[in-house]
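K.L.:
One-letter residues, chain by chain:
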Amino acid sequence: MFRNQYDTDVTTWSPQGRLFQVEYAMEAVKQGSACVGLRSRTHAVLAAANKAASELSSHQRKVFRVAEHAGVALAGLTADGRVLSRFLRSECINHSFVYESPLPVSRLALRLADKAQVCTQRSWKRPYGVGLLVAGLDETGAHLYYNCPSGNYFEYQAFAIGSRSQAAKTFLERRFEKYNDYTPEQLIKDALSAIKETLQGEKLTSSNCTVAIVGRKDDGTMEPFETIDAKRIQEIIDSMEAAEEAPTEPSAMQQEEEGTDAAAPMDI
Amino acid sequence: MSRRGDWVYENNGGTCVAIAGADYCVIAADTRLSVGYSILTRDHSKICELADKCVLASSGFQGDIKALHKNLAARELLYQHQHNKRMSCPAMAQLLSNTLYYKRFFPYYAFNVLGGLDSEGKGCVFTYDAVGSYERTGYSAQGTGSTLIMPVLDNQLKSPSPLLLPARDAVTPLSETEAIDLVKDVFASATERDIYTGDKLEIVVVNKAGTRREYIDLRKD
Numbered sequence: 001m002f003r004n005q006y007d008t009d010v011t012t013w014s015p016q017g018r019l020f021q022v023e024y025a026m027e028a029v030k031q032g033s034a035c036v037g038l039r040s041r042t043h044a045v046l047a048a049a050n051k052a053a054s055e056l057s058s059h060q061r062k063v064f065r066v067a068e069h070a071g072v073a074l075a076g077l078t079a080d081g082r083v084l085s086r087f088l089r090s091e092c093i094n095h096s097f098v099y100e101s102p103l104p105v106s107r108l109a110l111r112l113a114d115k116a117q118v119c120t121q122r123s124w125k126r127p128y129g130v131g132l133l134v135a136g137l138d139e140t141g142a143h144l145y146y147n148c149p150s151g152n153y154f155e156y157q158a159f160a161i162g163s164r165s166q167a168a169k170t171f172l173e174r175r176f177e178k179y180n181d182y183t184p185e186q187l188i189k190d191a192l193s194a195i196k197e198t199l200q201g202e203k204l205t206s207s208n209c210t211v212a213i214v215g216r217k218d219d220g221t222m223e224p225f226e227t228i229d230a231k232r233i234q235e236i237i238d239s240m241e242a243a244e245e246a247p248t249e250p251s252a253m254q255q256e257e258e259g260t261d262a263a264a265p266m267d268i
Numbered sequence: 001m002s003r004r005g006d007w008v009y010e011n012n013g014g015t016c017v018a019i020a021g022a023d024y025c026v027i028a029a030d031t032r033l034s035v036g037y038s039i040l041t042r043d044h045s046k047i048c049e050l051a052d053k054c055v056l057a058s059s060g061f062q063g064d065i066k067a068l069h070k071n072l073a074a075r076e077l078l079y080q081h082q083h084n085k086r087m088s089c090p091a092m093a094q095l096l097s098n099t100l101y102y103k104r105f106f107p108y109y110a111f112n113v114l115g116g117l118d119s120e121g122k123g124c125v126f127t128y129d130a131v132g133s134y135e136r137t138g139y140s141a142q143g144t145g146s147t148l149i150m151p152v153l154d155n156q157l158k159s160p161s162p163l164l165l166p167a168r169d170a171v172t173p174l175s176e177t178e179a180i181d182l183v184k185d186v187f188a189s190a191t192e193r194d195i196y197t198g199d200k201l202e203i204v205v206v207n208k209a210g211t212r213r214e215y216i217d218l219r220k221d
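The listed protein sequences derive, respectively, from chains A and B. Heads up: the first sequence begins at 1 in the UniProt record's numbering, then just goes up one per residue. Heads up: the second sequence begins at 1 in the UniProt record's numbering, then just goes up one per residue.
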């Protein structure tokens, strides 16, 4: 994309029928640090690679709880993302106040998309520079949506956004067909592996990633949207690395969780 | 019963009581819902758990009470999102007062008693009028049976007057079981003479272990 005379205003079309400002906003998403989301029939997992401005500062919060049944992970201008999270939270609260039931995830994604679209059609506004992965649970099961700054949104089985997300997408493309029947632990492991792909060589530890999960357990009770604590993440990472180091006998590995994926090849 | 043509409220009756202890709080309310001389249901809860250490019991007009409880619960959820923790009882006490005064010229017909643990883990009870005037006390009763119950609590709980100096702790030295027994006794007495109080007593106890609920039968006449 090169600078041209049609890219100053969001309300100016180019002769080819493009809105450059909106496309530039999507570029901002690609500059943000990576996030991945994946889901099974009953659970949805979001993971984000933490990026700190410097060694002295704390890292950016990229995963936000929006309601008991839903949350978002964002990439891009995180300030825009924070404001949108606040909007989503108030939409969920208002819906459950009026209807005494949780806002279905598809409607949540729709509200967000409509809000983003407004900014693409006002001369005094600019598009939000943040892409959101919206994960949640409702009556119809677990869902994952990706909302663009353009106002478009799609449902996904698994997706990755942000810088170096192509590596994660390639990883997910190979495995996503089995995700519907994955256990929550398997989903978390794959999310961590996908994030690891985006780190490109850097060691994956619990301090440079955040993972959150929401879902419905087998007995029907709900696991509300919650960030998994760092200690548990480190345990899972350690067990994944130990399984990698002994590729010849994955079944002999002591796994923490019930959902052992010893049968799946660790060909990351 | 004839009312003004524009009277939009009705009193659904009932009584609420709360007693604060050193490290617990007992909040209790009957479960009878009435209108006029009729009973609408014997099994309606007047108690709402707003936060993990904060419980609200209200008597009066159930329409306003339901709206008030929903309003506060939504505000508490917003607080949780913004501050990453649940609302403390004193914070909720102020919020309730502000919410009630907000409708100073079309009030919530709700007589509230808020109970729970404060940030130090000590029991606290806040008692309100319909427009938000509130006070932290050691115990309180509100509702149709309150005039029958308050004098008995005053007698039993020997709480010092707030006018005394130096200020003395209002929470009762009674143990949790003694406080619960007292609550059961005062409700049994109020049920005898107040037609709007009876059927079942719902008791919620908040202490550092968490929150638990008990139901005791009361006279159904």
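What the hints contain is simulated information worked out from the structure, not anything from laboratory work. Honestly, I wouldn't trust all of these hints.
For the chain A half of the interface with chain B, some residues (derived, Cβ under 7 Å), not all of them [claimed, not checked]:
hint : residue
1    : Arg89
2    : Ile93
3    : Phe97
Restraint-style ranges between C-beta atoms, simulated for each label pair [what the hints assert, rightly or not]:
hint : chain 1 : residue 1 : chain 2 : residue 2 : range
4    : A       : Glu226    : B       : Asn155    : 46 to 52 Å
5    : A       : Arg174    : B       : Gln82     : 56 to 62 Å
6    : A       : Glu100    : B       : Lys184    : 55 to 61 Å
Keep in mind the model is a prediction, meaning the values are calculated, not measured. Glycine included, every Cβ here is placed at the ideal spot set by N, Cα and C.
K.L.:
Verify the interface restraint on A/Phe97: the C-beta must sit less than 7 Å from at least one C-beta of chain B.
P.N.:
5 Å, holds
K.L.:
Are A/Glu226 and B/Asn155 spaced within 46 to 52 Å by their CB atoms?
P.N.:
48 Å, holds
K.L.:
Was the hint right that A/Arg89 lines chain B, CB cutoff 7 Å?
P.N.:
A/Arg89 check passes; min Cβ-Cβ to chain B is 5 Å, inside 7 Å.
K.L.:
Against chain B, run the beta carbon of A/Ile93 and see if the smallest gap drops under 7 Å.
P.N.:
Holds, about 5 Å.
K.L.:
Return holds or violated for the Cβ distance of A/Glu100 and B/Lys184 against the range 55 to 61 Å.
P.N.:
Because 33 Å falls outside the window, the suggested range is violated.
K.L.:
Taking 56 to 62 Å as the stated bounds, is the beta-carbon spacing between A/Arg174 and B/Gln82 within them?
P.N.:
41 Å, violated
Of the numbered hints stated above, those contradicted by the structure are hints 5, 6, listed in ascending order.
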